[in-house]
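Based on the sequences and whatever the hints tell you, model everything.
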Amino acid sequence: MTAVTIIITVLGVTASLALYRVIFGPTSWDRLIAVNLISSKVIMIMVAAAVFFERRIYLDVALVYAIIGFVSIIAISKFLEGEGTNKK
Amino acid sequence: MIAYLFIFLGLVFMFFGTLGIIRFPDIYTRLQTSSKCDTAGAIALLVGLILKQGLDSFSLRILIILVFLLLTNPVASHAIARSAAIRGIKPWRKKKNVKGG
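The listed protein sequences correspond, in order, to chains A and B. Going by numbering that gives the first Met the number 0, the first sequence opens with residue 0, and the numbers climb by one from there. Going by numbering that gives the first Met the number 0, the second sequence opens with residue 0, and the numbers climb by one from there.
These aren't lab readings, by the way, just hints derived from the structure by calculation. Just so you know, these numbers come straight off a predicted model, no measurement behind them. Incorrect hints may have been included.
Partial selection, computed: residues in chain A whose CB lies under 7 Å from chain B [as the list claims (entries may be wrong)]: (1) L16; (2) L18; (3) A48; (4) V70.
List time: in silico DSBU-like cross-link candidates among lysine-lysine, alpha-carbon distance up to 30 Å [as the list claims (entries may be wrong)]: (5) B:K35 to B:K94; (6) B:K94 to B:K51; (7) A:K77 to B:K89; (8) B:K35 to A:K77; (9) B:K35 to B:K51; (10) B:K35 to B:K93.
Pair ranges (Cβ atoms, derived) [as the list claims (entries may be wrong)]: (11) A:R54 to B:Y3: 19 to 29 Å; (12) B:R22 to A:V63: 16 to 26 Å; (13) A:D59 to B:G53: 32 to 42 Å.
Using N, Cα and C, we set each Cβ at its ideal position, and we do this for glycine too.
In structure tokens form, the structure reads like this:
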């Protein structure tokens, strides 16, 4: 049981627990919060794998994933603000 | 050794943040624990990984990811809270007990 196994297992299990809020969330914003949390945890998993396995390219993948996650969260929250719904 | 201490602290922050996501009753309280989990857990875990790696170009790149996360996560949390507040989501209040109190 090495250190990288423990780190990736804990982060993966907590991301799976946050998936509960994505499925059963009462409103759309709960799902958005949980998706943001899962995205952050996946970035942590990639950086830990890059350090422990000494693969330099995983850091670039983590940075691009962070940028795409930020842009999508901003876009979806502006969408839920009321432009995309049937507001009379 | 101190690097593993930081990594353990980050994992503890991540676990309790996820527990708050599942257990708390409202959007805003869930957003508060999620923000703690993103910033405090990310700082602790990435600083631990930097200390384990040593000081070279590899750890400089981890530092760039850390600065980017610290810039963007509060902005994303504020955007979610603002859109929920504009659409009229009321904050959660404790229900009053029938026998007074």
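Verification of the supplied hints:
1. Among the interface hints, the one on L16 (chain A) holds; its C-beta lies about 5 Å from the nearest C-beta in chain B, closer than the 7 Å criterion.
2. Against a cut-off of 7 Å between C-beta atoms, the interface hint on L18 (chain A) is violated, since the closest Cβ of chain B lies about 10 Å away.
3. A least Cβ separation of about 11 Å between A48 (chain A) and chain B goes past the 7 Å threshold, and the interface hint is therefore violated.
4. At its closest, the beta carbon of V70 (chain A) sits 9 Å from a beta carbon of chain B; the interface hint therefore is violated under the 7 Å criterion.
5. Between K35 (chain B) and K94 (chain B) the alpha-carbon distance is near 27 Å, which keeps this suggested pair within the 30 Å criterion.
6. For the suggested pair K94 (chain B) and K51 (chain B), the alpha carbons sit about 49 Å apart, so the restraint of at most 30 Å is broken.
7. Restraint check for K77 (chain A) and K89 (chain B): satisfied, since their Cα atoms lie roughly 19 Å apart, inside the 30 Å limit.
8. With a C-alpha separation of about 23 Å, the suggested pairing of K35 (chain B) with K77 (chain A) holds against the 30 Å cut-off.
9. This hinted pair checks out: K35 (chain B) and K51 (chain B) have alpha carbons roughly 24 Å apart, not beyond 30 Å.
10. With a CA separation close to 23 Å, the supplied pair K35 (chain B) and K93 (chain B) stays within the 30 Å bound.
11. Evaluation of the 19 to 29 Å hint for R54 (chain A) and Y3 (chain B) yields a pass: the beta carbon distance comes to about 21 Å.
12. A C-beta distance of roughly 33 Å is found between R22 (chain B) and V63 (chain A), which places it outside the suggested range of 16 to 26 Å.
13. Distance hint for D59 (chain A) and G53 (chain B): a CB-CB separation of about 20 Å, inconsistent with the stated range 32 to 42 Å.
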